[in-house]
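Visitor: Generate the whole structure from the sequences, applying the supplied hints.
Line order of the protein sequences matches chains U and W. Mapping to my numbering: the first sequence position 78 is 487, numbers consecutive. Mapping to my numbering: the second sequence position 173 is 782, numbers consecutive.
Errors might be hidden in some of the hints.
[As the list claims (entries may be wrong)] Sample of chain U residues facing chain W (criterion: CB under 8 angstroms; computed from the structure):
1) I562
2) M564
3) E568
4) L576
5) A664
6) G670
7) P674
8) S706
What the hints contain is simulated information worked out from the structure, not anything from laboratory work. Glycine is no exception: its CB is placed at the ideal position from the N, C-alpha and C atoms.
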Amino acid sequence: MANIGKIDKSRFGWVGADPEHREGLSRPSITYWRDAMKRLAKNRVALVCLIIIVLLILACALLPLFSSFSSREQHLAETNKGFFFQCQDDRYEGKNLVHIFGTDKLGRDMWTRTFEGGRVSLMIAFAAVFINLIIGMIYGGVSGYFGGVVDNIMMRIVEVVNGIPYLIVVVLLMLVLPKGIFTMVVAYATVGWTGMARLVRGQALSLKNQEFVVAAEAMGARPARIIARHLLPNALSVIIINVTLAVPSAIFTEAFLSYIGLGVPVPQPSWGMLAQEGAAVFQVYPSKLWIPAIAISITMLSFNLLGDGLRDAFDPRLRR
Amino acid sequence: MAKYILKRIGYSIVTLFVLITLTFFMMRLLPGDPFTGEKQLPEKTMEALNAKYGLDKPLVTQYIMYLGNCLHGDLGLSLNTNRPVTTIISESFAYSFDLGIRAVIMAFVLGVLLGSIAAIKRGKATDTVCMLVALIGVSVPSFIVAAVLQYYLGLQPYLASNKTVQLFAVTGWGPANSKILPVFALAFGSLAQISRLMRTSMLDVLGQDYIKTAKAKGLSQGAIIWKHAIRNAIMPVVTVLGPITASVLTGAFVVENVFAIPGLGRYFVQGIQNYDYTMISGTTIFYGAFLIIANLVVDLAYGFIDPRVKLEEG
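Guide: Printed below as a string of structure tokens:
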């Protein structure tokens with residue numbers, strides 16, 4: 410034991426902390442995220458869906474701006490026209506404008522209305538899902554991390570909220586609050602957060618006993634920091650998948666509510682409103698329903714397929 | 610076991626109570642009162658009317674009265690038709706129930722079938738086709754399916770044959786040919802959801818060791834799938850029957866409207882469009898109670914069907 414002091418310090422050298430050298434790995438290490446992205450890039454269906462979604466968002470954001478018609482202007486002389494109808498309105502004389510998707514029962518340009526409607530529908534869906542995400546992450550994170558009595562009480566509340574059929578609550582809220590985009594978002598978010606909260610709680614429960622959380626606790630990190638910096642980032646893959654799959658259900662809810670007469674206020678187009686108007690005249694002018702129907706279906710399909718693709722990418726064990 | 614059942618029933622009652630409370634206060638928040646009309650009533654008449662319906666009492670008393678009425682099965686008078694809401698419900702719900710139960714059965718049977726076939730033929734063309742159908746089902750809203758079916762399968766063949774051959778009736782709820790389209794339109798989404806779930810579950814089961822054992826002891830393909838695979842794979846599907854019931858019930862709002870079926874969903878939507886508040890609140894409570902009970906039954910049934918589920922842990 411006494412000899413230890415005599416060992417010359419110069420015999421020791423810093424070898425560096427590079428894990429690749431220490432472990433003798435021949436290839437650079439691939440992080441979980443890069444690995445998942447690589448798998449996603451190989452999934453052609455998911456990639457195509459991602460491109461469709463991006464294009465749709467761009468189209469809804471930009472096309473109404475560049476359209477010659479506004480979504481509200483009426484051309485009462487040319488109502489319910491078909492595809493590529495040449496506009497004969499005096500206001501646009503000599504300009505040679507075309508209603509690409511035709512016009513509706515008030516002579517409004519369907520092309521503009523479809524994309525502006527998409528803007529409204531997508532905005533409602535994204536906003537609603539985003540709010541659900543925030544509430545769900547905080548609620549689920551707190552419930553899962555603290556566990557015990559807190560968890561018990563919080564989850565009982567979720568159970569009760571979950572037991573109430575959400576569409577019925579949405580219908581009630583829509584009746585009480587003034588009509589509009591904001592109301593739809595609030596109505597959907599009031600009941601929609603439970604799924605996300607349960608999911609995050611489950612993740613937090615399984616993660617909180619892992620070493621890195623114990624280490625963070627040992628270093629004196631406060632619960633808020635542990636939840637925000639350690640638990641949630643590690644649950645991110647599950648959260649992303651769930652968000653992707655929640656968007657189509659929000660779009661569906663908007664369409665459904667508009668269809669039963671609880672949608673956005675009247676001059677405002679949305680895909681649900683267009684579908685409702687289209688369904689009324691479907692037997693005479695089928696294209697009036699087909700256009701919003703295809704828009705809704707393609708969007709829902711793309712999000713569903715992208716969600717499936719993300720699930721496969723993040724968790725190859727579940728791959729079927 | 611008994612403790613679990615009691616606990617579940619307890620939750621159901623609390624949920625129902627919350628729903629009734631929510632409905633009551635939401636309805637109070639609505640602008641106007643039942644007696645504001647085009648003609649301004651004299652002060653005295655208003656007072657008398659308010660006194661008659663108990664609207665002059667404090668809110669808490671009114672709430673307790675409302676709770677009491679609900680427990681007695683009195684949901685008030687419809688503002689539009691002036692008939693008791695309970696009468697309307699009892700008349701119309703039979704149609705909705707008939708439609709709904711057929712849709713749930715159809716979704717379950719066809720969904721399990723489609724999912725199983727896709728899993729057995731994994732990676733083959735059959736699998737792709739089945740899953741494509743399922744994907745369309747989860748992506749197309751039911752009101753679009755309903756309108757399209759009604760037009761292309763109901764109306765078009767009828768008109769094309771010069772109104773002689775009626776393949777599927779376009780509206781109503783009576784003879785068998787009027788039931789097929791609405792049931793299918795209502796079931797399609799759930800069918801798709803079940804088949805996707807069934808496929809995943811079936812693939813999981815088919816990879817288990819006991820399937821290999823069954824194969825090794827020389828059982829036929831049919832016996833393995835029917836006796837060993839499907840029976841085990843069907844379990845997760847049973848758990849979603851509760852949510853499926855809910856989605857079929859709400860889906861009926863639009864399907865009944867499209868096909869003009871005199872069910873409760875149609876009255877509900879009409880109530881919304883006419884601002885018939887008592888009709889809406891009454892129907893809401895009825896639907897809520899129905900779904901809460903349906904969920905309870907599914908949960909309890911699951912425990913009985915699958916002995917591996919330990920109900921005590923709940």
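Visitor: For each hint, tell me whether it holds in the structure or not.
Guide: Status of each hint after checking the structure:
{"no.": "1", "hint": "I562", "verdict": "13 angstroms, violated"}
{"no.": "2", "hint": "M564", "verdict": "11 angstroms, violated"}
{"no.": "3", "hint": "E568", "verdict": "6 angstroms, holds"}
{"no.": "4", "hint": "L576", "verdict": "4 angstroms, holds"}
{"no.": "5", "hint": "A664", "verdict": "5 angstroms, holds"}
{"no.": "6", "hint": "G670", "verdict": "5 angstroms, holds"}
{"no.": "7", "hint": "P674", "verdict": "15 angstroms, violated"}
{"no.": "8", "hint": "S706", "verdict": "5 angstroms, holds"}
Of the numbered hints stated above, those contradicted by the structure are hints 1, 2 and 7, listed in ascending order.
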